[in-house]
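Number of protein chains: 2
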Amino acid sequence: MDKFLQAAIEEAKKGLKEGGIPIGSVLVIDGKIVGRGHNRRVQDSSAILHAEMDCLENAGRMAASEYKKAILYSTLSPCSMCSGAALLYKIPKIIIGENRTFKGPEEYVRSCGVEVEILDNQECFDMMQSFIQKNPQLWNEDIGE
Amino acid sequence: MDKFLQAAIEEAKKGLKEGGIPIGSVLVIDGKIVGRGHNRRVQDSSAILHAEMDCLENAGRMAASEYKKAILYSTLSPCSMCSGAALLYKIPKIIIGENRTFKGPEEYVRSCGVEVEILDNQECFDMMQSFIQKNPQLWNEDIGE
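Top line first, the protein sequences correspond to chains E and P.
Under UniProt numbering, the first residue of the first sequence is numbered 1, with each subsequent residue one higher.
Under UniProt numbering, the first residue of the second sequence is numbered 1, with each subsequent residue one higher.
Hints are computed from structural coordinates only; laboratory data are not their basis.
This structure is a prediction, so every number in the text was calculated from the model and none was measured.
Treat the hints with care, as some may be off.
DSBU-like cross-link-like pairs, simulated, lysine-lysine; straight-line CA separation at most 35 Å [said to hold, decoys possible]:
1) P:K134 / P:K14
2) E:K13 / P:K32
3) E:K103 / P:K134
4) P:K68 / E:K103
5) E:K32 / E:K90
6) P:K68 / P:K32
7) P:K103 / E:K32
8) E:K103 / P:K17
9) P:K68 / E:K134
10) P:K134 / E:K134
11) E:K69 / E:K134
12) P:K32 / P:K90
13) E:K90 / P:K103
14) P:K68 / P:K14
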């Protein structure tokens with residue numbers, strides 16, 4: 001399996017262990033992970049720390065020239081907020097674990113020139129399905145439903 | 001002047017005093033401010049705490065039914081990330097101090113059914129122009145340029 005998706009899955013599992021929503025993300029530049037993160041809605045009582053946002057925050061302040069070489073991995077299709085963050089920083093490529101559980105604005109993101117790749121990974125899907133079955137309300141809150 | 005825009009401007013000024021980028025935001029529900037925030041790139045060395053994000057974070061975790069009654073104010077046109085956050089939570093209205101300094105994806109946001117109002121406030125504009133003249137690199141970093 002793609003080792004960076006594997007790292008994103010590890011982040012998701014870390015979140016699950018903490019009692020949180022199992023979505024993980026990593027930011028990769030020149031073949032190296034420069035940021036890791038996972039959803040922190042429960043852990044930090046946060047309305048904005050989706051996995052991708054936490055990952056970008058942990059990567060720290062970077063120059064535009066760095067973001068332009070980056071690949072953003074997420075175990076789940078990024079929502080409008082996280083997709084928007086990728087667009088703000090002109091991250092050219094997003095690799096997604098799965099988009100069957102939830103599908104963000106992938107067409108819009110592609111129309112802005114970003115490459116979006118869907119891996120349709122079964123582990124990512126199963127992790128979310130199991131979580132949502134046990135925590136439907138929490139999941140709905142996370143996607144504004 | 002709109003008292004909520006005034007509150008957003010106060011947030012922007014608070015940010016400026018802290019050495020930060022002078023952009024402020026408030027979230028209003030049923031005529032009351034439920035969240036306030038300002039850009040914290042410098043203060044928290046943050047890549048994600050634009051004014052609107054800080055405001056949404058400070059508002060805390062809320063139910064979808066709350067966001068659906070909300071108005072998001074910002075002294076400056078929200079970027080892709082902040083617009084995306086408003087879309088995630090289905091905030092139906094965004095009121096913007098000015099969009100001459102920077103224009104986010106307003107057309108896309110409108111096409112998603114959100115009402116976007118531009119107040120073209122001179123104080124908001126002057127505050128940003130003065131800041132950018134002194135800190136062009138910091139400003140470029142904030143908008144991924």
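(request) Give me the numbers of the hints this structure contradicts, sorted from smallest to largest. (result) Violated hints (numbers, rising): 2, 3, 8, 10, 11; every other hint is consistent with the structure.
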